[in-house]
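Those protein sequences? They're chains A and B, same order as listed.
Mapping to my numbering: the first sequence position 16 is 16, numbers consecutive.
Mapping to my numbering: the second sequence position 552 is 552, numbers consecutive.
Because the hints were derived from the structure by calculation, they are not lab data.
Check the hints yourself; a few may be wrong.
Claimed, not checked - Each computed DSSO-like pair below joins lysine-lysine, with the alpha-carbon atoms no more than 27 Å apart:
1. A:K53 / B:K466
2. B:K5 / A:K15
3. B:K364 / B:K545
4. A:K44 / B:K514
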Amino acid sequence: MITVNGITLDWYEGKTVRDVIQEMNYLFPLLIARINGKLIPRNKYDSTEIPDKASVDIIHLMSGG
Amino acid sequence: MADRKMITIEIDGKSVSVEKDTTILEAAQSIDVYIPALCNSELVEPYAACRLCIVEVNDGRKTKLVTSCNYPVRKHIRVYTSSETVLRNRKITLEMMLSRWPNVQVIKDLAKNAGIEKSRYQHPAVDLNPNACILCGLCMRVCEQGIWENIINFTNRGAVRAVRMPYDSEQPHCVGCGACAEICPTGAITMVDDPNQPYDAKMIRKAGMRITEEMIKYDEEQCDMRGVGTAHLVEIMDAYDLLPVMNYRYGKHEETPKISSDIFRKYFTKGKPDGCWLGCTMACAKAIENFELKTGPYKGERVLVDGPEYETLGGSSNMGIFDPYFVAEYNFYCDTYGLDTISFSTGTSFVMECYEAGVLDKEKTGGLELPFGAKDAALELLHQIGRGEGFGLIAGKGIRYMKKYFVENFGADPDFVFDIGMEAKGMEYSEYVTKESLAQQGGYGIALKGAQHDEAWLIFMDMVNKQIPTFEDKAEALHYFPMWRTWFSLCGLCKLPWNDVEPADNAETDEPAKVPAHVQGYCEFFEGVTGKPQTMDSLIRMSEKVYNFQRVFNLKMGFGRREHDAIPYRSAGPVTVEEYESRQERYDTQLREDAGIDPAGMSSEEKVAATRKHREAQYEHLLDAVYKRRGWTNNGVPTAAKLLELGVDFPDVIELVTKHGG
Numbered sequence: 001m002i003t004v005n006g007i008t009l010d011w012y013e014g015k016t017v018r019d020v021i022q023e024m025n026y027l028f029p030l031l032i033a034r035i036n037g038k039l040i041p042r043n044k045y046d047s048t049e050i051p052d053k054a055s056v057d058i059i060h061l062m063s064g065g
Numbered sequence: 001m002a003d004r005k006m007i008t009i010e011i012d013g014k015s016v017s018v019e020k021d022t023t024i025l026e027a028a029q030s031i032d033v034y035i036p037a038l039c040n041s042e043l044v045e046p047y048a049a050c051r052l053c054i055v056e057v058n059d060g061r062k063t064k065l066v067t068s069c070n071y072p073v074r075k076h077i078r079v080y081t082s083s084e085t086v087l088r089n090r091k092i093t094l095e096m097m098l099s100r101w102p103n104v105q106v107i108k109d110l111a112k113n114a115g116i117e118k119s120r121y122q123h124p125a126v127d128l129n130p131n132a133c134i135l136c137g138l139c140m141r142v143c144e145q146g147i148w149e150n151i152i153n154f155t156n157r158g159a160v161r162a163v164r165m166p167y168d169s170e171q172p173h174c175v176g177c178g179a180c181a182e183i184c185p186t187g188a189i190t191m192v193d194d195p196n197q198p199y200d201a202k203m204i205r206k207a208g209m210r211i212t213e214e215m216i217k218y219d220e221e222q223c224d225m226r227g228v229g230t231a232h233l234v235e236i237m238d239a240y241d242l243l244p245v246m247n248y249r250y251g252k253h254e255e256t257p258k259i260s261s262d263i264f265r266k267y268f269t270k271g272k273p274d275g276c277w278l279g280c281t282m283a284c285a286k287a288i289e290n291f292e293l294k295t296g297p298y299k300g301e302r303v304l305v306d307g308p309e310y311e312t313l314g315g316s317s318n319m320g321i322f323d324p325y326f327v328a329e330y331n332f333y334c335d336t337y338g339l340d341t342i343s344f345s346t347g348t349s350f351v352m353e354c355y356e357a358g359v360l361d362k363e364k365t366g367g368l369e370l371p372f373g374a375k376d377a378a379l380e381l382l383h384q385i386g387r388g389e390g391f392g393l394i395a396g397k398g399i400r401y402m403k404k405y406f407v408e409n410f411g412a413d414p415d416f417v418f419d420i421g422m423e424a425k426g427m428e429y430s431e432y433v434t435k436e437s438l439a440q441q442g443g444y445g446i447a448l449k450g451a452q453h454d455e456a457w458l459i460f461m462d463m464v465n466k467q468i469p470t471f472e473d474k475a476e477a478l479h480y481f482p483m484w485r486t487w488f489s490l491c492g493l494c495k496l497p498w499n500d501v502e503p504a505d506n507a508e509t510d511e512p513a514k515v516p517a518h519v520q521g522y523c524e525f526f527e528g529v530t531g532k533p534q535t536m537d538s539l540i541r542m543s544e545k546v547y548n549f550q551r552v553f554n555l556k557m558g559f560g561r562r563e564h565d566a567i568p569y570r571s572a573g574p575v576t577v578e579e580y581e582s583r584q585e586r587y588d589t590q591l592r593e594d595a596g597i598d599p600a601g602m603s604s605e606e607k608v609a610a611t612r613k614h615r616e617a618q619y620e621h622l623l624d625a626v627y628k629r630r631g632w633t634n635n636g637v638p639t640a641a642k643l644l645e646l647g648v649d650f651p652d653v654i655e656l657v658t659k660h661g662g
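For reference, chain A alone in the conformation it holds in the complex (with noise of 0.2 Å):
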């Protein structure tokens, strides 16, 4: 299990940061990702996998009027 955003999500091997922002159905292009902490690079979302039992951010910033 992790937890994104505080959200429990089921955990697999080779889950990686796109795979959740895909669960999640987050649309937003202005994220930035976190695991555990650790800030993951944009173009680095589809091959860092998130190890069991971390704890994601996947922060949204603003944007529009």
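Based on the hints, put chain B in the right spot on chain A.
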């Protein structure tokens, strides 16, 4: 953005692993191997015009000379940046450049680095100007590729080739962004027109150019403001259950794709920036040209529609209408009649819910059938408002008026219409569902001018990121962001370049939500205009004085107290059983986890009531926390001490707040 395949290459014996299609020049720069280049910039596509960046490449079979700026790495290669062949060819190129532009500093420097003291050639069109144009093409390429304009380009060929505007005349389409001057390596293009005589025009331009660079490099993958403007938020808000549907009852709808940004991308005038102001390179004001109107006084005419923006689209889903032609038509006529699309659509959403609930009927509306989705009737109502006739005369006065009118004249249940009439301080709500974000409920309710999100948009921070869990956290956000956004209004500046494009390193900052680098840019704008250096804190301080003064003004006009920060319950939670049951799992969980109430065995009516009791209490706690943070009394009145601290302690102001306990 999928991760790209990595390829390892060798540059001057050094091994480097780069993403496929990285150019040799970029690969060399990544390991600090110097390759000279004159016509290259990360803001434009490679051009290979100056030929200085030549290198030798060996692919295992043969060795050849290539220009490194536009040679993509696709397999293992060995690169030689300073071989005898490379240096000989580069020297010839530099000598030819030096013979033509002997006094241009950038060329002199490159020649000196290459060991050239004097060119062996004599150029027939030698130009002794130290700021001569060296025909690198950076200016016209940044104009075309970066700014999406074609204000300047090459004319003629050979020795008389030059960069010019068409017909050598000033071009009205030039937005004056200054990108061409900024990118020019020789000073051949300079900005000379400072009509307002700012304190430091260069400081302003540099801060502006940083935004321009970010727009060029990142906008397409970030918010696509130049492509579709704020319309990009439609599908995003739907995905997060935040797009208002049927008077804010719901946050998403299966027909949303019909009014998504991809639909409007096809209609928007293409390939051209459309900025509100000269010099803006965010240029998010989109337009639909040649739109044929189907109703109203201009029926049958083809017109230009200025928009739609997100709020106009969200207003349409709020009326239960998912038709792009309707959106364009109501957008045009709201503009034409001088109406705000938000007020019209939110007001009409309220009318539609009243119609469906039986508060209104055809007789009361003068024959208009106005359930959700009734686009023809909605347009007719809009025309009636424009003409000041019929039911439009009532609806056009806004929700606050309608609520009272419906109770007094149509026997409407006051509790119901006050719960679903989405206005605060008499202003209609803009188009976001706030039920799951207490901070945003405060953002709307406490805003000085009424229910507008432009003081604070905190839904993601609060609801999605869960960054501000306590009342104190929310109160801090409801201090900083309203003050920050007020500062834009004080200076007449647009807020969009602050956070609708993001610097590459924003994620690495302590407070990325504030976009610190852009706040610093606004400090420089201010200093560049006035000569007075600023910090993030000093900008907030400026706003705080004005913001408190505005609150006192509200107080003087009979508003500005706690009771005026009240919100309609639809803003905080589900008014009806139908709404509750549409998101029952979410609401049941929240009852259990947030309110400590076990929903098992409760009827939906009981659960609606229990949710309401909890959420209304939460909102009152939030007001307490925000007032405390702002230095206001528990009744929302700025204290005399706070006004003294801010330097706005004028005698009549102090007298007024003291009268109200401040």
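Okay, the hints, checked on the actual structure:
1. A:K53 / B:K466: holds, 19 Å
2. B:K5 / A:K15: Roughly 19 Å separates the two Cα atoms, so the pair holds.
3. B:K364 / B:K545: violated, 47 Å
4. A:K44 / B:K514: Judged against 27 Å, a Cα distance of about 24 Å means the pair holds.
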